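Chemist: As given, the protein sequences belong to chains A, B and C, one line each in that order. With our numbering, the residue at position 103 of the first sequence is 103, and numbering never jumps. With our numbering, the residue at position 13 of the second sequence is 13, and numbering never jumps. With our numbering, the residue at position 233 of the third sequence is 233, and numbering never jumps.
Careful, some of the hints might be misleading.
To be verified - Within a straight-line C-alpha distance of at most 20 Å, the following computed SDA-like cross-link-like pairs (lysine to any residue) qualify:
(1) C/K119 - B/V234
(2) B/K16 - A/M128
(3) B/K95 - A/E152
(4) B/K95 - A/M128
(5) C/K119 - B/D231
(6) C/K119 - B/D143
(7) C/K119 - B/R253
(8) C/K119 - B/E230
(9) C/K25 - B/D143
(10) C/K119 - B/Y179
(11) C/K201 - C/E135
Worth flagging that the hints you see were computed from the coordinates, not collected in a lab. Remember, predicted model here, so these are calculated numbers, not experimental data.
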Amino acid sequence: MTELIAESRRRGRRLAIIDFLGRLLERGGAWVGVAALTFFLVLAAVPGLLVGPLETAATATGDFLAAPDGQHLLGTDEAGRDVLNLVVHGTRISLTIALMSTLISLILGTTVGITSGYFGGRIDTWLMRITDFFFIVPPFVLALVIAPVFVEVLGRGREILGFRTSLFVILVVIGLTSWSFVARIIRSQTLSLGQRSFVDRARVAGSSDASIMVRHILPNLVPQIAANGALVVAGAIYTETALSFIGLGDPLQPSWGTLLSLAQRAGAASAGAWWYLGAPGVCVLTVALGFVLLGNALDDTFNPRRRVIP
Amino acid sequence: MASNGKDSRTSHGIVKVIVRAAVTLLMVTVLNFTLFRVLPGDATSLLLGGARAAVSNEQIEAQRRNWGLDKPIFPNQLLDYMQATARGDLGYSFKFRGQRVSDLLLERLPATIALVGVAQIIAILCGVMLGIYAGWRRGGVIDNVATSVALALYSTPAFWLGMVSVVIFSTALAWFPAYGAYSPGVSTEFLDRIVDYLRHLVLPASTVALGLIGQYVLVARAAMSDVVSEDYMVTARAKGLTSGQMLMRHGFRNAMLPVVTLVTLNLGYVVAGAITVESVFAWPGVGGLTVEALNARDYPVLQGVFLLLGASIVVANLIADLAYGILDPRVKQ
Amino acid sequence: MSNLSQKDTVPLLSVEGLSVEYNVKGIPLPAIQKASFELRAGEAVALVGESGSGKTTTAMAIAGLLSPNARVSGGQVRYRGARLPIDDDAAMRPHRWSETSVIFQGAMNALNPVHRIVKQIAEPCMLNLGMSREEATARARKLLELVGISADRGSAYPHELSGGMRQRVMIAMALACRPSIVIGDEPTTALDVINQAQILKLLVELRSKFNLALILITHDLSVVAETCDRVMIMYAGEIVEDGEVADIFAAPKHPYTRLLIESIPDPAKGKRVLHPIPGDPPTLLRRPSGCAFHTRCPSSLPICTAQVPQLEERGPGRVACHLYSSLTHADKVLARD
Numbered sequence: 001m002t003e004l005i006a007e008s009r010r011r012g013r014r015l016a017i018i019d020f021l022g023r024l025l026e027r028g029g030a031w032v033g034v035a036a037l038t039f040f041l042v043l044a045a046v047p048g049l050l051v052g053p054l055e056t057a058a059t060a061t062g063d064f065l066a067a068p069d070g071q072h073l074l075g076t077d078e079a080g081r082d083v084l085n086l087v088v089h090g091t092r093i094s095l096t097i098a099l100m101s102t103l104i105s106l107i108l109g110t111t112v113g114i115t116s117g118y119f120g121g122r123i124d125t126w127l128m129r130i131t132d133f134f135f136i137v138p139p140f141v142l143a144l145v146i147a148p149v150f151v152e153v154l155g156r157g158r159e160i161l162g163f164r165t166s167l168f169v170i171l172v173v174i175g176l177t178s179w180s181f182v183a184r185i186i187r188s189q190t191l192s193l194g195q196r197s198f199v200d201r202a203r204v205a206g207s208s209d210a211s212i213m214v215r216h217i218l219p220n221l222v223p224q225i226a227a228n229g230a231l232v233v234a235g236a237i238y239t240e241t242a243l244s245f246i247g248l249g250d251p252l253q254p255s256w257g258t259l260l261s262l263a264q265r266a267g268a269a270s271a272g273a274w275w276y277l278g279a280p281g282v283c284v285l286t287v288a289l290g291f292v293l294l295g296n297a298l299d300d301t302f303n304p305r306r307r308v309i310p
Numbered sequence: 001m002a003s004n005g006k007d008s009r010t011s012h013g014i015v016k017v018i019v020r021a022a023v024t025l026l027m028v029t030v031l032n033f034t035l036f037r038v039l040p041g042d043a044t045s046l047l048l049g050g051a052r053a054a055v056s057n058e059q060i061e062a063q064r065r066n067w068g069l070d071k072p073i074f075p076n077q078l079l080d081y082m083q084a085t086a087r088g089d090l091g092y093s094f095k096f097r098g099q100r101v102s103d104l105l106l107e108r109l110p111a112t113i114a115l116v117g118v119a120q121i122i123a124i125l126c127g128v129m130l131g132i133y134a135g136w137r138r139g140g141v142i143d144n145v146a147t148s149v150a151l152a153l154y155s156t157p158a159f160w161l162g163m164v165s166v167v168i169f170s171t172a173l174a175w176f177p178a179y180g181a182y183s184p185g186v187s188t189e190f191l192d193r194i195v196d197y198l199r200h201l202v203l204p205a206s207t208v209a210l211g212l213i214g215q216y217v218l219v220a221r222a223a224m225s226d227v228v229s230e231d232y233m234v235t236a237r238a239k240g241l242t243s244g245q246m247l248m249r250h251g252f253r254n255a256m257l258p259v260v261t262l263v264t265l266n267l268g269y270v271v272a273g274a275i276t277v278e279s280v281f282a283w284p285g286v287g288g289l290t291v292e293a294l295n296a297r298d299y300p301v302l303q304g305v306f307l308l309l310g311a312s313i314v315v316a317n318l319i320a321d322l323a324y325g326i327l328d329p330r331v332k333q
Numbered sequence: 001m002s003n004l005s006q007k008d009t010v011p012l013l014s015v016e017g018l019s020v021e022y023n024v025k026g027i028p029l030p031a032i033q034k035a036s037f038e039l040r041a042g043e044a045v046a047l048v049g050e051s052g053s054g055k056t057t058t059a060m061a062i063a064g065l066l067s068p069n070a071r072v073s074g075g076q077v078r079y080r081g082a083r084l085p086i087d088d089d090a091a092m093r094p095h096r097w098s099e100t101s102v103i104f105q106g107a108m109n110a111l112n113p114v115h116r117i118v119k120q121i122a123e124p125c126m127l128n129l130g131m132s133r134e135e136a137t138a139r140a141r142k143l144l145e146l147v148g149i150s151a152d153r154g155s156a157y158p159h160e161l162s163g164g165m166r167q168r169v170m171i172a173m174a175l176a177c178r179p180s181i182v183i184g185d186e187p188t189t190a191l192d193v194i195n196q197a198q199i200l201k202l203l204v205e206l207r208s209k210f211n212l213a214l215i216l217i218t219h220d221l222s223v224v225a226e227t228c229d230r231v232m233i234m235y236a237g238e239i240v241e242d243g244e245v246a247d248i249f250a251a252p253k254h255p256y257t258r259l260l261i262e263s264i265p266d267p268a269k270g271k272r273v274l275h276p277i278p279g280d281p282p283t284l285l286r287r288p289s290g291c292a293f294h295t296r297c298p299s300s301l302p303i304c305t306a307q308v309p310q311l312e313e314r315g316p317g318r319v320a321c322h323l324y325s326s327l328t329h330a331d332k333v334l335a336r337d
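Using the sequences provided together with the hints, build the complete structure.
Modeler: Have a look at this one:
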């Protein structure tokens, strides 16, 4: 008998997922978002396969700041490197930083949000005060001030987990400063969920607080986390690009933001080298837009209501 | 927003809001202090850098005592720091030897205010108006185009748009200069200088404005859309008001509530947003100073900027809270 | 209560075969089918029906407040003999509020939350009657007194008033431009029983004082008995019965009317909610063939599935039902599909 129940539950879940995917993909925005993101994920996964190893000043073969032609589809930079090569390799850096920092933010934000909403009282008040601080001060500003200090503490030029110091620091710092948005939403959801009877039942049955939070409340929050996660990624991309642009990135592992910074310093704009500064920018724009559209579509699908912003 | 406007009508509520603002500023100061202390080495080695070797230990000790660095960090140094900050003494720049951080900031502030002020005006005029129009007449070509463009703008880094605009309007078309606030060799005639300044202002201000317009269009549109479907709009139509009268007398005021809040909040953030744009255009404001300080590891200046940004954000939030309390009669005792 | 001796004069309002449909994503959904009735000056008529019956659409059509996606697909409305351009928004403006006004459910957001109530009442006076701000404000204060609200409270905002008081404000506002017809769109639905009684009493007083014609939209028959002379029952966009209140309550003809009256809650039981009639009203998309009610009718005949019954005079009042139609019994029995 229990076999049947378990089996029907599994089937029910599968149907629910299929139904959900169907509704999600009804929205035009979702298609655009998914398409764009898939494209870039492929680029990030196997850059070497597509354009060969990352070109350095030593291995550059082209003219300086040459316009796009048959050999260099996106032209060259001030050291003669192929811009297409740089941009494709930059995909992995930018996307990895954005996704991993979002992961940190989501974990931090969800933990703070659930704890705050579940326990209430003084824990809630103090956690919310801290959250307010991180909410009011934008991640970019905080990162600006914290990152150089972290870089100094960790030591420049080192490699941590495959990242050079500055990039590692950027990743961590964005993660540590972008969680408040998620925390607030999770907290309010937890508050409303906490009123529901299944929480009381679990408590009466003797489950510990932690167990209730993780096994009962958390699964109900997954839709919210997913929808907001996409938006957090978009924000993380923007913040990383901006931080790298003003000089916190690393030219040896150039993200799109770093490329823009290099382009700026090489005077690409005044030289009219639109390919050099255009390509990384278009990539940032596309990926950010893709995540925003996806996030909106997810939000719509989970909470169908008259949405005003498409 | 830290609060939801509900606090700002009662006198008790206003005090609460102000206290919250003060506490945030305090946290900014403490964060500044802590970061500096976390750095390896201390002020002396940071200042001297490579020249450390040339200075004797006694001289260093004397200087440390002079600066109060021999006192315990907590609470003495912290209190000293906070007192100094309250007095307006933000220390001296590493990079610009001998110059006070507060002087540097004040010197660069007007340029940023000019940039941000003009940008906000442009963004409000274009973005809010367009958003209201799009929200009022849902559907139709203008609405769809405006919304799509706004969404794209919202997802684009503004400073990149600045770089693109340099390529188009400066390099290619030569309509506007690309860098700085003044051209070398411009005449000393007041009018000429103003015109020159304005010409230099166009591209950076438009860039900052573009960064804001996306948000404003989307929020104004959403606010107006919500209002349009409210029951009191039906009542207004039933009373015999024309479409224009419904919009101006009933729709506008209600839709403006979230928009005013957004604009006020943005006043605090837009200085931070100007950092990258000033870097692109070498605009001589606080943003440019920040980037220079960052690359030179000029920590006192960075801290001063952080304090300034924190203060402007906190003040803007405060004003937004209070303004909302005034504008929305539902927020009452 | 009413002046039936004025049968020879032109009726104040004459709805003639009116049909209205909504355009929803390209599909036309009929909301009213060939509705016809008359309203005399000073007469109070109730429009009763479940949601989706078309009662609100009918009233909105009369007031010229159809939504932009609604279309008049047939018939017309006459006001004092002249045709009303109900599908022309601009042309209806002079008519609005000065001839026909509406009392919406004030408990919702029908009042603008950021305007003081005296301003909202004065607004149509300035707009339609050309009054100055002072004159309009003075009139607004008088109107507030008329509905039992102290004029000092005029500077209040809507959210500062109780539901009952907001409804009184709506009534004061509706009377501002001395209309001939006042439409009440479920004016007491959101109120508790005590407030409901007070509001209804107020409406009755004001109606006789100003000789207003009243169209009361409601789904609650118990409200009808106290305030109206006539009742029209609507179902699936059609008027199925129309008669004097006393007649309808004493001897309802249409099976739907009968079920409605039987389900009026007993005050002793203390329940206000309508006892549900078995089944659901048809959606606009899938209208049953023949008589729209036949799927839930306890007395349906074979002909009911085939032919739409016409609204005909039957004794006092009108009814649209094959049980009373002029077809012979044999026709009814033989008319299988």
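Chemist: Check whether the Cα positions of B/K95 and A/M128 lie no farther apart than 20 Å.
Modeler: violated, 38 Å
Chemist: Does C/E135 lie within 20 Å of C/K201 when you go C-alpha to C-alpha?
Modeler: violated, 29 Å
Chemist: Would you check the hint for C/K119 and B/E230, treating anything up to 20 Å between C-alpha atoms as holding?
Modeler: holds, 19 Å
Chemist: Under the criterion that the straight-line Cα-Cα distance not exceed 20 Å, is the pair C/K119, B/V234 satisfied?
Modeler: Distance of about 17 Å is within 20 Å: holds.
Chemist: Holds or violated: C/K119 and B/D143, Cα atoms, limit 20 Å.
Modeler: At roughly 33 Å apart (the allowed maximum being 20 Å), B/D143 and C/K119 break the hint.
Chemist: Below or equal to 20 Å on CA atoms is what counts here, so check C/K25 against B/D143.
Modeler: holds, 18 Å
Chemist: Hey, B/K95 versus A/E152, does the alpha-carbon distance stay inside 20 Å?
Modeler: holds, 17 Å
Chemist: Take a quick look at whether C/K119 and B/R253 sit within 20 Å of each other, Cα to Cα.
Modeler: It holds: about 14 Å lies between the C-alpha atoms, which stays within 20 Å.
Chemist: Within 20 Å, alpha carbon to alpha carbon, are C/K119 and B/Y179?
Modeler: Roughly 54 Å separates the two Cα atoms, so the pair is violated.
Chemist: Within 20 Å, alpha carbon to alpha carbon, are C/K119 and B/D231?
Modeler: holds, 17 Å
Chemist: So if I understand the rule, the pair passes when the alpha-carbon distance is 20 Å or less; does B/K16 with A/M128 pass?
Modeler: holds, 15 Å
In summary, the structure is inconsistent with hints 4, 6, 10, 11 from the numbered list given earlier, while agreeing with the others.
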